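*Asks:* Listed below are the residues making up each chain.
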Amino acid sequence: MAHQSVPPIRQTPRTKNKWQRQMWVGWLFVAPAIGLNLLFDWYPMMDGIYRSFYRWDGYSTAVYVGFENFRKIFNDTIFWTAVTNMLFFLVMSIILMIPTIITSVILFRIRHMRAQYIYRVLFCIPMVVPWMVIILMWQFMYNPQYGLFNRFIELIGMPDMQQTWLGDSELVKWCVIFMGFPFVTTNAALIYLGGLKSVSESVWEAGALDGVGPLQKFFYLELPLITGQFSLNLIGTITAAITGYTTQLVLTKGGPGFASMVPGLYMYFSAFKSQKYGYASALGMVMFVLSLVITLLSLKFFQKEESES
Amino acid sequence: MVNKTNPFWLTLLCVVMLLLAACGSNTPTASEPTAQPASEPTAASEPTAAPEPTAAPKEYTIKIMTWHGPDSNTGYYNGYKQITDDYTAAHPNVKFEFVYQPLDGYKELLDTQFVSGSAPDIIQMQPWMFGEYANKGVLYNLNNAYNAKSAYAEAARWMDTFSGGEASFAGVRSSNKFGGIFFVPNDSNATMSIGQPMFYNKDLFKKAGLDPEKPPQNWEEYRTAMKALKQSGVIPIAADNGRWVGWSLGQVGYQFGEKYVDQFYDAKYTSGNRGVEYYWDKVYVALANGQLENADYYVDMLTIWQDYAQYWQDGWTGTAEADAPNLFMTGQAAMLQAGFWDFQGYSTLIGDKFAWGIFPIPVITSATSKYAIGKYNAPANTQDYGFTVNATIEKDKELEAVIVDFLQYFSSVEAQTKYVNTAKSFSPVEGVPVPDEIKGFVNPSEKASAVEVVGSSFIEWGDGAIWPGLSQDFLMGKISVADYKAKVAELSREASKNYVAGMIGAEGYAPQITAAEAKLTEMKGDGSNELMVKSQETTIENLKLRLEMMQTYFKP
Amino acid sequence: MSINFSKIVRPSYTIAEFAKHVVIVLVCVALLFPLFLMIVMSVKDKEQVVFSFFTIQPPFHFENYLVAFSYISPFIMNSVWMAIGSTVLTVGVTALAGYAFGKLEFPFKNVLFWILFAKMMLPGIMNLIPSFTLAWKLGILDTSLPVILFCAGTSQPFWVFVMRTFVAQQPQELFESMRIDGANELQIFRYLAIPLLRPMLALMSINVFVSVWNDYIWPLVTIQSFDKRPLTVGLAYLTSAHPGDYGMLTAGYVIAALPLLVLFFISMKQFIEGLTAGAIKL
Chain A
1 MAHQSVPPIR QTPRTKNKWQ RQMWVGWLFV APAIGLNLLF DWYPMMDGIY RSFYRWDGYS
61 TAVYVGFENF RKIFNDTIFW TAVTNMLFFL VMSIILMIPT IITSVILFRI RHMRAQYIYR
121 VLFCIPMVVP WMVIILMWQF MYNPQYGLFN RFIELIGMPD MQQTWLGDSE LVKWCVIFMG
181 FPFVTTNAAL IYLGGLKSVS ESVWEAGALD GVGPLQKFFY LELPLITGQF SLNLIGTITA
241 AITGYTTQLV LTKGGPGFAS MVPGLYMYFS AFKSQKYGYA SALGMVMFVL SLVITLLSLK
301 FFQKEESES
Chain B
1 MVNKTNPFWL TLLCVVMLLL AACGSNTPTA SEPTAQPASE PTAASEPTAA PEPTAAPKEY
61 TIKIMTWHGP DSNTGYYNGY KQITDDYTAA HPNVKFEFVY QPLDGYKELL DTQFVSGSAP
121 DIIQMQPWMF GEYANKGVLY NLNNAYNAKS AYAEAARWMD TFSGGEASFA GVRSSNKFGG
181 IFFVPNDSNA TMSIGQPMFY NKDLFKKAGL DPEKPPQNWE EYRTAMKALK QSGVIPIAAD
241 NGRWVGWSLG QVGYQFGEKY VDQFYDAKYT SGNRGVEYYW DKVYVALANG QLENADYYVD
301 MLTIWQDYAQ YWQDGWTGTA EADAPNLFMT GQAAMLQAGF WDFQGYSTLI GDKFAWGIFP
361 IPVITSATSK YAIGKYNAPA NTQDYGFTVN ATIEKDKELE AVIVDFLQYF SSVEAQTKYV
421 NTAKSFSPVE GVPVPDEIKG FVNPSEKASA VEVVGSSFIE WGDGAIWPGL SQDFLMGKIS
481 VADYKAKVAE LSREASKNYV AGMIGAEGYA PQITAAEAKL TEMKGDGSNE LMVKSQETTI
541 ENLKLRLEMM QTYFKP
Chain C
1 MSINFSKIVR PSYTIAEFAK HVVIVLVCVA LLFPLFLMIV MSVKDKEQVV FSFFTIQPPF
61 HFENYLVAFS YISPFIMNSV WMAIGSTVLT VGVTALAGYA FGKLEFPFKN VLFWILFAKM
121 MLPGIMNLIP SFTLAWKLGI LDTSLPVILF CAGTSQPFWV FVMRTFVAQQ PQELFESMRI
181 DGANELQIFR YLAIPLLRPM LALMSINVFV SVWNDYIWPL VTIQSFDKRP LTVGLAYLTS
241 AHPGDYGMLT AGYVIAALPL LVLFFISMKQ FIEGLTAGAI KL
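Residue numbers (our numbering), protein chains in the order written: chain A, 1 to 309; chain B, 1 to 556; chain C, 1 to 282.
Please keep in mind that the hints were generated in silico from the structure rather than gathered at the bench.
Careful, some of the hints might be misleading.
Derived contacts from chain C toward chain B, CB cut-off under 7 Å, selection only [as the list claims (entries may be wrong)]:
id : residue
1  : V50
2  : F132
3  : W136
4  : A236
5  : A241
Pairs of lysine-lysine, DSS-like flavour, derived with a Cα cap of 27 Å [claimed, not checked]:
id : chain 1 : residue 1 : chain 2 : residue 2
6  : A       : K197      : C       : K269
7  : A       : K273      : B       : K478
8  : A       : K72       : B       : K497
9  : B       : K63       : C       : K137
10 : B       : K149      : B       : K534
11 : B       : K534      : B       : K395
12 : B       : K478      : B       : K227
Residues on chain B that point at chain C, a partial pick, calculated with CB under 8 Å [stated by the list, open to error]:
id : residue
13 : D71
14 : S72
15 : P102
16 : D104
17 : E108
18 : V115
19 : A322
20 : N326
21 : T330
22 : L349
Being a predicted model, the structure only gives us computed values, none of them experimental.
Note that CB positions come from ideal geometry on N, CA and C, so glycine has one too.
All chains should be built: construct the whole structure from the sequences, respecting the hints.
*Replies:* This is the structure we're talking about:
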């Protein structure tokens with residue numbers, strides 16, 4: 001099983017030697033990544049967390065407040081409203097991972113390689129569009145007075161159906177979700193595609209010979225093969241749903257009232273609108289724990305599903 | 001700023017710098033050095049104790065940070081540039097470099113530059129920034145300079161050359177824990193009531209049966225007009241979910257509670273200049289004690305504000321800031337609040353699509369509420385916009401003298417008159433005329449005399465992350481006046497308690513008093529001019545009184 | 001070993017095949033609509049943006065491009081170098097780490113992996129001042145290093161995870177057979193892992209490149225010399241000089257996007273080659 005990597009001579013396995021060699025190679029390979037991450041990401045972060053135990057307004061004197069900030073978060077109704085909203089966004093964005101999976105499988109099944117290549121490039125191109133343009137576009141769609149949606153509703157003769165969209169406490173969350181239309185994310189799609197492509201072709205040939213239907217093929221062949229990729233994208237989706245806030249910041253300011261407030265935006269406002277850096281850092285800590293717990297639970301859940309099926 | 005660069009990193013840096021040298025060259029300066037022959041009519045009398053530059057004057061390049069760029073559609077940058085060019089012409093050894101940074105990123109850049117000690121010498125700031133940065137100890141206290149004679153004016157003190165004189169700086173002093181003055185005002189005027197009026201669409205007024213040439217004068221007429229406009233099928237007011245929440249609150253709120261806070265304090269904290277100078281401290285203590293939240297006028301004020309919201313467009317809570325002007329510009333909304341800086345841009349965009357004009361925010365009279373003041377806020381009598389100076393200049397006495405001299409030139413009548421005509425702006429300096437183009441934005445003085453207005457401060461001084469959202473819920477009628485009042489009061493109580501506790505605490509006024517007293521001893525020793533000594537004594541007295549007031553009245 | 005799958009099966013133009021194309025084309029149209037809108041908007045003046053946002057109508061203001069270009073052009077090369085530097089370093093360390101986490105055994109592997117994994121969950125908006133202070137203490141301000149190093153430090157956790165997943169999925173025999181052939185770990189990495197990971201490396205490169213390309217605040221505060229700054233600074237100047245002029249601004253965005261498009265076509269080629277190389281290995 002194990003092998004020496006010294007070139008010409010093939011020797012009997014020397015497990016200990018191999019283990020040691022791999023140990024050093026392994027450490028050497030991960031050292032740059034870990035080192036850079038610790039120094040340039042973790043260190044500033046810890047610097048910030050250290051400050052979450054303080055009441056602190058940026059760079060003047062920090063007042064030690066112990067766990068007071070965390071106690072406050074526990075009683076902060078707005079934070080919990082934000083968490084509830086976030087859970088809605090989280091569940092929706094997990095459900096909305098499905099269109100990407102289906103699209104990638106369809107794209108994979110396209111046999112014309114040249115066409116497939118072109119589609120892939122087309123999938124990538126929207127990445128050059130800055131989010132500002134996208135937000136502007138939706139603004140001109142949702143606007144109650146001159147927006148595209150209400151004008152369309154008027155055009156088809158149902159003016160009673162006109163909505164205030166982002167201005168409606170019930171609709172606003174759905175509007176924010178709908179901005180992800182067509183719910184196909186380039187990164188996720190290409191990761192799935194890469195997963196499907198890297199599987200040995202004999203598997204596909206076997207599947208083709210068995211003459212199974214396209215739906216069965218999807219559930220029994222393709223889907224199980226991309227569970228690893230699914231976990232990856234799931235983590236990406238969860239992290240984005242828990243920490244994201246840009247859309248709300250620009251379009252709704254978390255409103256109406258707090259109907260679209262999310263923890264990330266609340267943290268942003270606490271830091272930059274009320275100058276409560278310590279509190280904001282503490283919020284960040286709580287969000288971190290939430291993300292970690294939710295990610296691990298969902299990974300467990302999906303892995304269990306997988307092993308059962 | 002105590003950290004020294006490790007030699008190892010310095011070496012590495014050198015290597016890296018060599019590698020990256022391809023991308024590097026000199027920083028371009030926004031100002032071309034003007035080589036005009038020097039004529040120095042006034043530079044002779046240096047205000048401070050710094051040695052007079054003799055023989056070959058030292059060369060200085062002064063960095064000025066501003067968010068007005070050379071190519072913007074406003075004239076501010078050109079105005080500043082004109083002043084610095086003129087100064088360089090008279091003092092060829094002093095050159096200027098503009099550090100232009102758009103507002104997007106301005107604060108981030110400034111914050112980090114202060115951390116690394118590379119912040120510019122002169123920094124343009126918005127009103128809310130002065131106190132914050134001054135309290136962080138990174139700004140230069142101009143108090144002494146203000147109490148010296150300006151080389152460019154006849155008045156005894158530089159301070160006296162500003163409209164409103166010494167009194168107009170009282171509010172500024174109260175915004176920092178040093179009781180000092182940390183900026184040179186510009187683009188504003190303390191003795192004029194400069195309004196942020198309503199822009200209105202005359203065609204839509206006509207359509208609604210209103211006289212387009214007679215815009216509403218008071219709140220009742222305003223409501224009638226809004227009602228008529230709404231009935232005629234147009235949106236009366238273009239609102240948004242950002243700044244408008246605060247603006248509309250300000251429109252209503254600051255018509256209530258004149259001198260309201262003084263009732264809680266002894267006369268010695270409210271008389272004369274102290275009325276204004278201790279204003280913020282008094283409001284903070286009153287908020288912290290929960291004394292303001294039950295003001296008699298609050299129910300009226302909140303009810304009017306909530307009623308106002310029914311005339312804003314449907315779904316305004318989903319309208320982003322940048323989107324609201326579109327409603328006005330496309331002729332769907334009849335009114336929009338905007339500032340004098342928007343006037344030019346709107347004129348071009350609207351063109352001849354519809355007739356439009358401006359009118360001042362209508363006054364709330366006793367017909368609407370018996371608590372209303374019934375007049376506009378008096379000219380704030382407080383300096384606001386302006387330029388601060390980096391505290392590090394204190395280390396170089398000559399540079400300090402040069403910068404102070406430049407700033408005095410900057411606020412001379414001559415320089416300011418040229419400036420306002422280029423920039424189409426207001427000047428804080430006495431005797432500088434207002435350019436014709438912006439005269440319409442000044443509230444009529446006979447109607448503008450309300451002072452020390454407490455207004456809606458118990459809302460806005462609460463948590464900035466929360467009160468805007470709460471207010472939206474309130475304006476949409478989801479929470480009652482009583483609930484809303486209780487919630488925002490709780491927020492401002494907490495914020496104020498923290499502030500007051502901080503000021504009473506070890507890092508608050510006490511060390512400032514000690515420092516100011518040491519400075520006074522020093523000033524008496526080196527024979528500083530009498531006015532400066534006197535001003536320093538006043539500063540100490542005021543700081544002590546402010547501390548005493550807080551200690552006496554704050555009930556945690 | 002087998003030949004490329006696509007060459008065996010001849011494309012058959014059945015209804016099912018046609019339906020697939022229809023679905024994908026619809027998705028592409030929806031995905032590309034904002035880009036289309038951006039291009040349309042870039043030749044509008046202020047008035048046209050407000051009054052006719054979704055329609056195409058003359059006059060077209062191509063001069064927007066001239067103005068926008070004059071703002072952006074001095075900074076383009078700075079951004080190019082910065083983005084290339086960041087991408088090369090970040091992708092390099094990520095590939096190494098991903099391979100090691102996926103296929104090598106070493107003590108504390110899980111602990112080290114957790115360091116990266118946990119970082120993915122931490123929101124980073126409070127990091128500006130602490131990060132700046134660090135860069136300042138290291139004495140690397142006013143160079144491209146803060147951008148490059150902090151990019152390499154912050155943007156890799158997710159991608160290390162991606163690489164690990166893809167490497168781990170490959171059969172162990174593949175790697176063992178190379179070891180049997182006497183290759184050392186570096187050679188295995190170079191001649192087996194890299195080709196296998198190529199599509200993901202291409203995708204990651206695009207992501208890292210675009211994020212550095214669009215970064216504004218961090219390079220702004222760490223690079224004070226005007227002529228070393230990235231093109232986002234030029235875009236900020238453009239926005240500030242023409243407030244509310246979305247047409248002008250989008251013209252700037254279009255210009256800023258062109259180098260990215262070139263990069264996409266290059267990396268997509270890599271993507272294809274990677275797949276072919278992978279297929280032959282298998």
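*Asks:* Hint by hint, say whether it matches the structure.
*Replies:* Evaluation of the provided hints:
no.	hint	verdict
1	V50	holds (5 Å)
2	F132	holds (4 Å)
3	W136	holds (5 Å)
4	A236	holds (5 Å)
5	A241	holds (5 Å)
6	A:K197 x C:K269	holds (15 Å)
7	A:K273 x B:K478	holds (24 Å)
8	A:K72 x B:K497	holds (16 Å)
9	B:K63 x C:K137	holds (24 Å)
10	B:K149 x B:K534	holds (14 Å)
11	B:K534 x B:K395	holds (24 Å)
12	B:K478 x B:K227	holds (22 Å)
13	D71	holds (5 Å)
14	S72	holds (5 Å)
15	P102	holds (3 Å)
16	D104	holds (6 Å)
17	E108	holds (5 Å)
18	V115	holds (6 Å)
19	A322	holds (7 Å)
20	N326	holds (5 Å)
21	T330	holds (6 Å)
22	L349	holds (6 Å)
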